[in-house]
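Residue numbers (this note's numbering), protein chains in the order written: chain W, 1 to 492; chain V, 1 to 489.
Worth flagging that the hints you see were computed from the coordinates, not collected in a lab. Everything numeric in this text was worked out from a predicted model, so none of it was measured. Accuracy of the hints is not assured; some may be wrong.
Unchecked claim - Below, simulated DSSO-like cross-link-like pairs (lysine-lysine); rule was C-alpha separation at most 27 Å, straight line:
no., chain 1, residue 1, chain 2, residue 2
1, V, K194, V, K229
2, V, K137, W, K348
3, W, K348, V, K400
4, V, K80, W, K379
5, W, K474, W, K113
6, V, K80, W, K359
7, V, K456, V, K400
8, W, K379, V, K96
9, V, K347, V, K423
10, W, K379, W, K359
11, V, K344, V, K393
12, V, K122, V, K80
13, V, K245, V, K17
14, W, K450, W, K474
15, W, K66, W, K113
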Amino acid sequence: MDAKTLIQSTAFDLGRALRKGNTTATEICTACLEQVARTDDQVQAFVSLDPEKILAAAEASDQRRKNGQELSPLDGLPVGLKDIMAIEGAPLTCSSRILEKFVSPYTGTVGAKLLSAGMIPFGRLNMDEFAMGSSTENSAFRKTRNPWNTDHAPGGSSGGSAAAVAARQCPWSLGSDTGGSIRQPAAFCGVIGLKPTYGRVSRFGLAAFASSLDQIGPFGRTTDDVAALLDIISGPDPYDSTSWPEYLEPAMVQLNLPEEPAVLGLPREYFGEGIDPEVRSQLEQVIEAYKGRGFTIREISLPHTELAVPTYYIIATAEASSNLARYDGVRYTRRSTESNDAVDMYFKSRGEGFGPEVKRRIILGSYVLSSGYYDAYYKRAQQVRTLIRDDFLKAFESVDAILTPTTPTPAFRIGEKIDDPISMYLADIFTISVNLAGLPGLSMPCGLSKDGLPIGFQLIGKPFEEGRLLQIGKTYEQASPFTGRPAIANPS
Amino acid sequence: MPEYEAVIGLEVHVQLKTASKMFTDAPAGFGQPPNSLTNAVVMGLPGTLPVLNQGAIEQAIKFGLIFDSEIPELFQWDRKNYFYPDSPKNYQLTQKDAPVCIGGEVEIELAGASRNLAGEHKVIHLDHAHLEEDVGKLTHFATDSLVDYNRAGTPLLEIVTKPDLHSAEEAVALLQSIRMHLTSAGVSDCDMEKGQMRCDANVSVRPVGQEELNPRAEMKNLNSITGVKNAISYEIRRQARVYEKGGTVAQETRRWDADAGRTTSMRSKEEAHDYRYFPDPDLLPVHFPRHRIEELKAELPENVFDLQRRYESEYGLPYTLTSVICYDHELARYFEAAMVVYDKNPKALANYVANELQRERSQAEGDGYLPMEQVRLSPRNLAGLVRLIDEGKLTKQLAKEVIVDMFQGGDPAEAVMEARGIKPVQQDSGQLEEWCRAAVAGNAVAAQQVRDGNDKAINSFIGPVMKASRGTANPQAVREMLQKIISEG
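The shape of chain W in the complex, shown without the other chains (with noise of 0.2 Å):
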């Protein structure tokens, strides 16, 4: 096959072809590659890759596919990891410069998944630093641009990993979700990204920014492939315990069953002001079209939505205050040359090593676990968090999943927001209620802005549902598909 049809095919296709011997890993990892160098000037989506490694563990797959002996049917597709995933010998940085030089001497949970179905890693992917932000413009190293107008954000935390997949670098790839990391770039990158339930995916080996809402899920360009993902990289983990302890019936089991229509659920709190009109129409459409598979629509209500941005905030940057304590130049992260004794090289350390949004949120998260002030914001937030919880579950009560839209606006420029904190958190209204009540959240592209940016809407489904929520997500796939891809991705 030749490296223009490669790069534009979905995994599911490529490991088709592996499988037929139209196409081999190396062909595959090259193609990619070849992209990658044409591309990533503009996109700027990698914070490292690794050509000689990459081609090796290629030509490694394709012999194990040649002997029969290759691990999963998979075996041989590259997937981009979010530079926040352990994996032995490779970087770590969670773009940031206190781990700018940072070498992971182990490999986590999804990272020796990965490895044992034979799948490649391929680079490592830009973020904002520690998973904090909407824009990715919070690296230390590099700006990644949005693949449809490089003048405009890919979204964030994962804005790599969303661009990379809209660029057409690799087919699919990794990300993390503490607030909406996944699905926000993914609605403003026109891919499909999936937040699964707290718990399905082992968090051992992810960067932790907020313990109890981080989850990472995959970026795909199609309900199959982002399945296919999950399904290797979910399971129960000794090294994990909050992860789920019982077996899950596989997302691609449910996804093939034929198809069902559903109640869905229109939360009023989500279709208020402060809603791009273009969003709206193209929300109505959505809704159309499922209604056009014979889907019921119902209004339903979440009334503790308007505390989910200050609650998020309080609960996140709590643990993260804590969780980020470890990187103090003792051990392994950027020590500063500066300092003259501990308490010194602790401040400075992590005074150069920290950007100015981590900082901020280490500060705030101080604060409100502070003696005096713990029961007023941390404890009165988990409270809070109780009944944004019970609102979905209420609501699930009468509908199958949520549908709202999965951002207020198409992609924002590159230095829009980034001065304006809180105007940068408000891009997550949408998707952070679904990290606090613990649930899974897909965001699927529906269309673009008449400036050509894609929008995306959000279905969230009940807790372990992800098969049914892509199953719904695949009916839309079907009755609209989103066939957009950004100029930079198509053949030269």
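Fit chain V to the given chain W structure using the hints.
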């Protein structure tokens, strides 16, 4: 001038005996090359997560069962946030609000008038005991400091007493009681030299009769029994003197300087840390099954003081023996094992354990005692030795020699006797009568003295008989035979 009394509460840190660390499978241990007992989790690498070591929980629950604590249905983990280079994550996993053991009582024994006499017993109440992870160890040099994370993540039980103690001696007795019980149950080795047991003491002083407590000084890291004793004694005197002079005592943390023999101020309450505690989101609250608690209870050895009381009432053992055997779980276990083999003479058996065995162990080791696991003399063989004596087949005199070889080689008494050419005492052979008649015939004066009522005169025959028998005769049998012959006279 009023009389003052001290009010003391202890925080005792005990390293639990587990194969691996508290939240990861890296081995726990002591004396290994620096940073060899570590892994990604111990080092706090990005992405690592804690996973609870069930063994550590069970050890902590055993502590609670030994000291009658309440074991709650649910306990949870909190993060205590502070920066220090010995702490890899810069937070410590601990239990702030939901500890594994609530309340409890520790029976202590104060020193008696002499070491042969039992001391007064008291009950000290516990507030709670919670689990936490230990930190690494810093070594400071002129311009650098090095850190060894081998100890980091070792399960640590922090035992917090009520302010029930009133003297340094009581504090020491508490530590000794905790150590005896925990070593007996295999919960901890409690070796203070290895840092397996450490102690902080909160000391305040008030006039006798005053209800409310005065400000207290917290003394950190008292790392030996002597240190605990001296630091508390010093601090009580210091505070009493301050009050006597009309001053006030500050609530503060003080450091014990063992070399100078005094405490000095470290930091006052105003400078106290804000640890920003919050529930650890990486670990779920633990529901520990009730039935497992019952199983653990069944596995526990008898409480040390209960065992002592039972030995005294059931076996009639004196304090001098029980205080040696019961207070050392290895000796107690040894004694029990020997009793299983031969239970007719507990007192003699106890004597051999507490005296002969201990003497041999002490002689085998330059400093201290030969470790029990290296002792070749088995409880079975020691029981066999006592049985031979009781059956009159071996004299106590010869037994003293026999036990030396038994200790050296591990052979049973019979084998040693054979090797040494010692024949079992012939009980009622004509030989014994022959020796006795010869002896009586050789000293008619003494025989007459015996007949005249001087019992002691019989002793002058025993020596010659024993000599004739080359030490194999049973002295009791000799005595009886002599009496018979003389009275027939």
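Outcome of the hint check:
Using a Cα cut-off of 27 Å, the hinted pair K194 (chain V) and K229 (chain V) holds, with the two alpha carbons roughly 19 Å apart. For the suggested pair K137 (chain V) and K348 (chain W), the alpha carbons sit about 23 Å apart, so the restraint of at most 27 Å is met. With a C-alpha separation of about 72 Å, the suggested pairing of K348 (chain W) with K400 (chain V) is violated against the 27 Å cut-off. For the hint pairing K80 (chain V) with K379 (chain W), the CA-to-CA distance comes to about 16 Å; that is within 27 Å, so the pair holds.
A hinted pair counts as satisfied when its Cα atoms are at most 27 Å apart, and K474 (chain W) with K113 (chain W) qualifies at roughly 25 Å. Annotation: proposed proximity of K80 (chain V) to K359 (chain W) holds, straight-line Cα distance about 20 Å (limit 27 Å). The suggested pairing of K456 (chain V) with K400 (chain V) holds, with an alpha-carbon distance near 25 Å, which does not exceed 27 Å. Between K379 (chain W) and K96 (chain V) the alpha-carbon distance is near 15 Å, which keeps this suggested pair within the 27 Å criterion.
Distance hint between K347 (chain V) and K423 (chain V) is fulfilled; the C-alpha atoms sit about 26 Å from each other, no more than 27 Å. A threshold of 27 Å between alpha carbons decides the hint, and for K379 (chain W) with K359 (chain W) the separation of about 22 Å falls inside it, so the pair holds. Restraint check: the Cα-Cα separation between K344 (chain V) and K393 (chain V) comes to about 16 Å, which is no more than 27 Å; the hinted pair holds. With a C-alpha separation of about 34 Å, the suggested pair K122 (chain V) and K80 (chain V) falls outside the 27 Å cut-off, and the hint is violated.
Distance restraint check for K245 (chain V) and K17 (chain V): the Cα-Cα separation of roughly 47 Å exceeds the 27 Å cut-off, and the hinted pair is therefore not satisfied. With a C-alpha separation of about 25 Å, the suggested pair K450 (chain W) and K474 (chain W) falls inside the 27 Å cut-off, and the hint holds. The suggested pairing of K66 (chain W) with K113 (chain W) holds, with an alpha-carbon distance near 22 Å, which does not exceed 27 Å.
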